[in-house]
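Trainee: Each chain, written out:
Number of protein chains: 2
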Amino acid sequence: MEYELWYWDGIPGRGEFVRLALEGAGIPYVERARGPDVDDNALVDDMARDRPHPPFAPPYLVAGQLTIAQTANILLFLGPRLKLVPDDEASRLWAHQLQLTIADLVTEIHDSHHPIASGLYYEEQKEEAARRAADLTAERLPKFLGYFEAVLERNPDSDAYAVGAALSYVDLSLFQIVAGLRYAFPKAMRRLAPGHPRLLALHDLVAAEPRIAAYLASRRRLAFNQSGIFRHYAALDQ
Amino acid sequence: MEYELWYWDGIPGRGEFVRLALEGAGIPYVERARGPDVDDNALVDDMARDRPHPPFAPPYLVAGQLTIAQTANILLFLGPRLKLVPDDEASRLWAHQLQLTIADLVTEIHDSHHPIASGLYYEEQKEEAARRAADLTAERLPKFLGYFEAVLERNPDSDAYAVGAALSYVDLSLFQIVAGLRYAFPKAMRRLAPGHPRLLALHDLVAAEPRIAAYLASRRRLAFNQSGIFRHYAALDQ
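Top to bottom, those sequences are chains A and B. Under the working numbering, the first residue of the first sequence is numbered 1, with each subsequent residue one higher. Under the working numbering, the first residue of the second sequence is numbered 239, with each subsequent residue one higher.
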């Protein structure tokens with residue numbers, strides 16, 4: 001069985017958290033809505049299909065008979081299969097809890113440039129975005145990043161990883177959070193760096209994992225840009 | 239083992255989705271941060287404890303040695319134990335996927351009165367809230383409620399429930415969504431009612447379940463009010 005990933009072409013977005021897990025485990029997968037031979041409407045058409053378990057939004061993963069949506073749910077499903085989470089129930093719930101907190105942070109980062117409506121352009125809500133982004137960088141990022149720093153510090157099984165004694169999908173997602181925030185909010189991240197040494201070390205550790213390093217150097221890895229979740233607007237990084 | 243629920247006193251909030259599952263299954267639980275004998279700082283003090291698996295935010299559930307946070311994660315854990323989800327993995331992933339989509343909707347509802355910062359009062363962001371709430375009622379509620387209506391329509395195992403052939407925690411949460419939206423946005427919900435007959439019928443079906451009916455009539459059920467996720471401001475329901 002081959003995993004099939006459905007996600008918007010052209011942006012890393014939420015699909016990237018799934019890609020990093022598949023790439024980190026060295027598991028082949030097919031991008032069904034990306035590539036030169038894919039019709040531009042493939043994803044929209046597939047979303048419109050009459051299926052018993054419809055996704056509300058991409059990303060979704062097709063694995064044999066299953067179609068699974070919601071990023072954290074996909075990782076809950078893939079984690080044991082890719083050996084990217086410990087075996088016991090307590091650790092799996094803990095990893096998933098962290099992934100859901102990452103999902104909350106991702107939403108807050110998205111909403112910092114789209115605080116009014118995801119259906120409007122940034123330019124139609126940039127005054128509100130300036131206010132929300134100021135709160136994000138001053139209040140919310142310190143709270144979330146401080147939380148993940150404490151999680152790394154308190155992990156009794158490792159000095160480096162978030163869950164258990166080995167690399168998990170949570171670590172791969174935290175790498176993407178740090179990378180994305182550095183792209184979107186370079187000034188804020190320079191200010192926050194000294195207080196979060198474990199989180200930044202985890203970023204570097206993940207980037208140096210051989211499979212991830214090869215992936216990051218490949219054309220499969222999409223660059224951050226001005227259409228995704230992590231966007232850089234100088235006005236929002238004061 | 240007795241389940242212990244930690245959540246802010248005085249608001250239904252996200253804790254209510256957990257309460258409805260426990261009440262719907264007839265399982266006793268202890269509210270650790272609510273009641274006349276509970277210190278006002280109990281929750282804040284407990285959150286500050288140095289534990290290996292800290293919650294980022296309430297609600298969290300203590301079940302023996304486990305402390306589990308994130309509403310959907312708590313329901314993922316409780317579902318099989320309370321017999322509020324089918325046994326097979328595909329159904330459990332599907333139920334959890336729906337619960338995560340409900341969680342996304344809950345965040346959007348919250349942000350309609352707090353689009354700029356959760357740390358500010360509504361009165362400090364009410365102009366932005368008017369814009370965001372207009373988008374919520376015109377664009378987002380039809381999209382989310384239409385999705386859940388389609389889920390009910392397409393369920394091959396039931397004409398009434400969302401997942402499988404019996405009551406699940408997803409149904410209990412959808413009840414709370416409809417009830418909360420009717421409190422917060424009565425005009426919008428009257429407008430949306432004709433297009434969502436299955437969802438409204440599910441609300442009534444859940445409300446009439448004997449254990450839920452008894453709970454709703456009890457003092458354990460907290461009324462919606464102006465401090466929670468579902469708030470009624472006439473200016474936001476135009």
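Quick caveat, the hints were computed from the structure, so don't treat them as lab data. Any given hint could be a false lead.
A partial selection of chain A residues facing chain B, derived with a Cβ cut-off under 10 Å [as the list claims (entries may be wrong)]:
#1 His53
#2 Val62
#3 Tyr183
Simulated pairs of lysine to any residue, SDA-like, Cα-Cα distance not exceeding 25 Å [what the hints assert, rightly or not]:
#4 B:Lys381 / A:Gln238
#5 B:Lys364 / A:Asp88
#6 A:Lys126 / B:Lys321
#7 A:Lys143 / B:Pro292
#8 B:Lys321 / A:Asp88
Computed list of chain A residues with no C-beta within reach of chain B, every gap over 10 Å [as the list claims (entries may be wrong)]:
#9 Gln65
#10 Arg132
#11 Ile212
Every residue, glycine too, gets a C-beta built ideally from N, C-alpha and C.
Trainee: Look at each hint and say if it fits the structure.
Mentor: Cross-check of the supplied hints:
| no. | hint | verdict |
| --- | --- | --- |
| 1 | His53 | 5 Å, holds |
| 2 | Val62 | 13 Å, violated |
| 3 | Tyr183 | 23 Å, violated |
| 4 | B:Lys381 / A:Gln238 | 35 Å, violated |
| 5 | B:Lys364 / A:Asp88 | 46 Å, violated |
| 6 | A:Lys126 / B:Lys321 | 47 Å, violated |
| 7 | A:Lys143 / B:Pro292 | 13 Å, holds |
| 8 | B:Lys321 / A:Asp88 | 21 Å, holds |
| 9 | Gln65 | 7 Å, violated |
| 10 | Arg132 | 5 Å, violated |
| 11 | Ile212 | 26 Å, holds |
Hint compliance for this structure: hints 2, 3, 4, 5, 6, 9 and 10 are not met, and every other hint is.
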